[in-house]
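Novice: My request is simple: use the sequences and hints to build the entire structure.
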Amino acid sequence: METFSSKLIDDLLDSIDPVEQAKVDAKMLIAAKIADAMKAKGWRNNDLLKAVNKENPSIITKWLSGTHNFTVDTLVELGKALDINLLNLSEPTAKVVTYFQSVSQKAQTTCNDTFLNDILKKMEEQVPAYPVGSWHGSFDSHKQLAQA
Amino acid sequence: MKYKLVKLQKLSGNKASIYSVVQNGETESFLEKFLKENQISFIDKTKNILMRLRSIGHTTGARESFFKVFEGKVGDGVCALYDEPESNLRLYCIRYGTQLVVVGNGGPKSKRISAFQEDDKLTDENYFLRWLSGEITNRIKDKEILYINDHLDFAGNLEFEDDERS
Chain V
1 METFSSKLID DLLDSIDPVE QAKVDAKMLI AAKIADAMKA KGWRNNDLLK
51 AVNKENPSII TKWLSGTHNF TVDTLVELGK ALDINLLNLS EPTAKVVTYF
101 QSVSQKAQTT CNDTFLNDIL KKMEEQVPAY PVGSWHGSFD SHKQLAQA
Chain R
1 MKYKLVKLQK LSGNKASIYS VVQNGETESF LEKFLKENQI SFIDKTKNIL
51 MRLRSIGHTT GARESFFKVF EGKVGDGVCA LYDEPESNLR LYCIRYGTQL
101 VVVGNGGPKS KRISAFQEDD KLTDENYFLR WLSGEITNRI KDKEILYIND
151 HLDFAGNLEF EDDERS
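Chains as they are written, first to last, in this note's numbering: chain V, 1 to 148; chain R, 1 to 166.
Certain hints may be false.
One-sided excerpt, in silico: chain R residues whose CB lies under 7 Å from chain V [said to hold, decoys possible]: (1) 6; (2) 8; (3) 9; (4) 10; (5) 32; (6) 35; (7) 47; (8) 51; (9) 59; (10) 63; (11) 65; (12) 88; (13) 131; (14) 147; (15) 150.
Calculated from the model, a selection of chain R residues having no Cβ within reach of chain V, i.e. all distances over 12 Å [said to hold, decoys possible]: (16) 61; (17) 85; (18) 161.
As a list, the in silico BS3-like pairs of lysine-lysine whose alpha-carbon atoms are at most 30 Å apart [claimed, not checked]: (19) R:68 x V:33; (20) R:73 x V:62; (21) R:45 x V:33; (22) V:7 x R:47; (23) R:2 x R:111; (24) V:39 x R:73; (25) R:47 x R:73; (26) R:15 x V:41; (27) R:15 x V:33; (28) V:7 x R:109; (29) R:7 x V:62; (30) V:23 x R:109; (31) V:7 x R:2.
These are computed hints drawn from the structure, not numbers from a lab.
Nothing here was measured: the structure is a model prediction, and the numbers come from that model.
Beta carbons: idealized from backbone N, C-alpha and C, even for Gly.
Specialist: Quick look at the structure:
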């Protein structure tokens, strides 16, 4: 596929006010949201027409074309009929965000001739006295605790 | 006359790709011709059409309801992009699902006429897209043209020749 850049298109796009583009995007997104809600309900245009008590079927085509400038009244009516929210007016609620931070550091040096190390060494020597499978502790963990 | 399909970079996005047609020996796509032909008389409307195409490419995809369908033969996908209410500027397109649109040319449709066939320019542009749609369909059937990138793009032989137009 060949991609194509056009100075005319680029210049015209650059001249478009972002607010104007946002208005077009919004109209098209609202139309898309209405179409999606109709699809979810299995509705055809006539079903929506009845639900909003309108008579002229062309109004539905207009709403779905993405060109229609909806009034708030129409958005409320459509929202009720389709069980969707086309106007997000809910108050922003304060959210509590909790961050946890843990810091760990290994002991930098070990002391080889402390009283506690002597005790641990003696305990390690006694381990073979326990039958295999009955010992559930770990001298290593005690040793690490002592070293920490 | 030879033509090729090209992808319009700035208008295409992750929702849909916008293609147009370039005639052999020319540097402008059909969309650019449409814009040039109409931007003096209808500057706001041409800009609105460009904004809608950008929205389709980047925000919404090419939903069927955004197009006036059945502007061509049954099943050929030829349609016209809806523009602002009260505007009668027709831009003919071929729609391939929600992710790919080929944009042709068009023009203003006078309120004095009810069918585009009453206007030579609109008829010419519409029938060109009908012909192109038929060619693309045949090549898709023959696997000369494939959909790639999750249906966002065409790949294969995208050059066409119309003996009757030469």
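Novice: Could you run down the list of hints and mark each one as holding or not?
Specialist: Going down the list of hints, with the structure as the test:
The closest approach between the C-beta of residue 6 of chain R and any C-beta of chain V is roughly 4 Å, which is under the 7 Å cut-off, so the hint is satisfied. Of the supplied interface hints, the one on residue 8 of chain R holds, with its beta-carbon coming within about 6 Å of a beta-carbon of chain V, less than 7 Å. A cut of 7 Å between beta carbons decides the hint on residue 9 of chain R: the least distance to chain V is about 5 Å, and the hint holds. Hint status for residue 10 of chain R relative to chain V: holds, with the closest Cβ pair at about 6 Å, below 7 Å.
At about 5 Å, the closest approach between the beta carbon of residue 32 of chain R and any beta carbon in chain V falls short of 7 Å, and the interface hint on this residue holds. Given the 7 Å rule on beta carbons, the hint for residue 35 of chain R holds: about 6 Å separates it from the nearest Cβ of chain V. A distance limit of 7 Å between C-beta atoms decides the matter here; for residue 47 of chain R the minimum to chain V is near 6 Å, and the interface restraint holds. With a cut of 7 Å, the hint placing residue 51 of chain R at the interface with chain V holds, because the nearest CB-to-CB distance is about 4 Å.
Contact between residue 59 of chain R and chain V, as hinted, is supported at the beta carbon level, the nearest pair being about 5 Å apart and thus within 7 Å. At about 6 Å, the closest approach between the beta carbon of residue 63 of chain R and any beta carbon in chain V falls short of 7 Å, and the interface hint on this residue holds. Given the 7 Å rule on beta carbons, the hint for residue 65 of chain R holds: about 4 Å separates it from the nearest Cβ of chain V. A hinted interface residue such as residue 88 of chain R counts as satisfied when its beta carbon comes closer than 7 Å to some beta carbon of chain V; here the least separation is about 13 Å, so the hint is violated.
Against a cut-off of 7 Å between C-beta atoms, the interface hint on residue 131 of chain R is violated, since the closest Cβ of chain V lies about 21 Å away. Nearest Cβ of chain V to the Cβ of residue 147 of chain R: about 11 Å, over the 7 Å cut. The hint is violated. Taken as an interface hint, residue 150 of chain R does not check out: its beta carbon lies about 14 Å from the nearest beta carbon of chain V, beyond 7 Å. The Cβ of residue 61 of chain R sits about 8 Å from the closest Cβ of chain V, inside the 12 Å cut-off, so the non-interface label is violated.
Separation of residue 85 of chain R from chain V is inadequate, the least Cβ-Cβ distance of about 6 Å not exceeding the 12 Å criterion. The Cβ of residue 161 of chain R sits about 17 Å from the closest Cβ of chain V, beyond the 12 Å cut-off, so the non-interface label holds. Between the alpha carbons of residue 68 of chain R and residue 33 of chain V the distance comes to roughly 19 Å, so the proposed pair stays at or under 30 Å and holds. Under the criterion of a C-alpha separation no larger than 30 Å, the hint pairing residue 73 of chain R with residue 62 of chain V is consistent with the structure, at around 23 Å.
For a cut-off of 30 Å, the pair hint linking residue 45 of chain R to residue 33 of chain V stands: about 24 Å separates their Cα positions. Restraint check for residue 7 of chain V and residue 47 of chain R: the C-alpha separation of about 14 Å stays at or below 30 Å, so the hint holds. A hinted pair counts as satisfied when its Cα atoms are at most 30 Å apart, and residue 2 of chain R with residue 111 of chain R does not qualify at roughly 34 Å. For the proposed pair residue 39 of chain V and residue 73 of chain R, the alpha carbon gap of about 26 Å is at most 30 Å, so the pair holds.
With a CA separation close to 29 Å, the supplied pair residue 47 of chain R and residue 73 of chain R stays within the 30 Å bound. Restraint check for residue 15 of chain R and residue 41 of chain V: the C-alpha separation of about 24 Å stays at or below 30 Å, so the hint holds. For a cut-off of 30 Å, the pair hint linking residue 15 of chain R to residue 33 of chain V stands: about 15 Å separates their Cα positions. Between residue 7 of chain V and residue 109 of chain R the CA atoms are separated by roughly 27 Å; this keeps the pair inside 30 Å, and the hint holds.
The suggested pairing of residue 7 of chain R with residue 62 of chain V holds, with an alpha-carbon distance near 29 Å, which does not exceed 30 Å. For the proposed pair residue 23 of chain V and residue 109 of chain R, the alpha carbon gap of about 25 Å is at most 30 Å, so the pair holds. For the suggested pair residue 7 of chain V and residue 2 of chain R, the alpha carbons sit about 23 Å apart, so the restraint of at most 30 Å is met.
In summary, the numbered hints that this structure violates are 12, 13, 14, 15, 16, 17 and 23.
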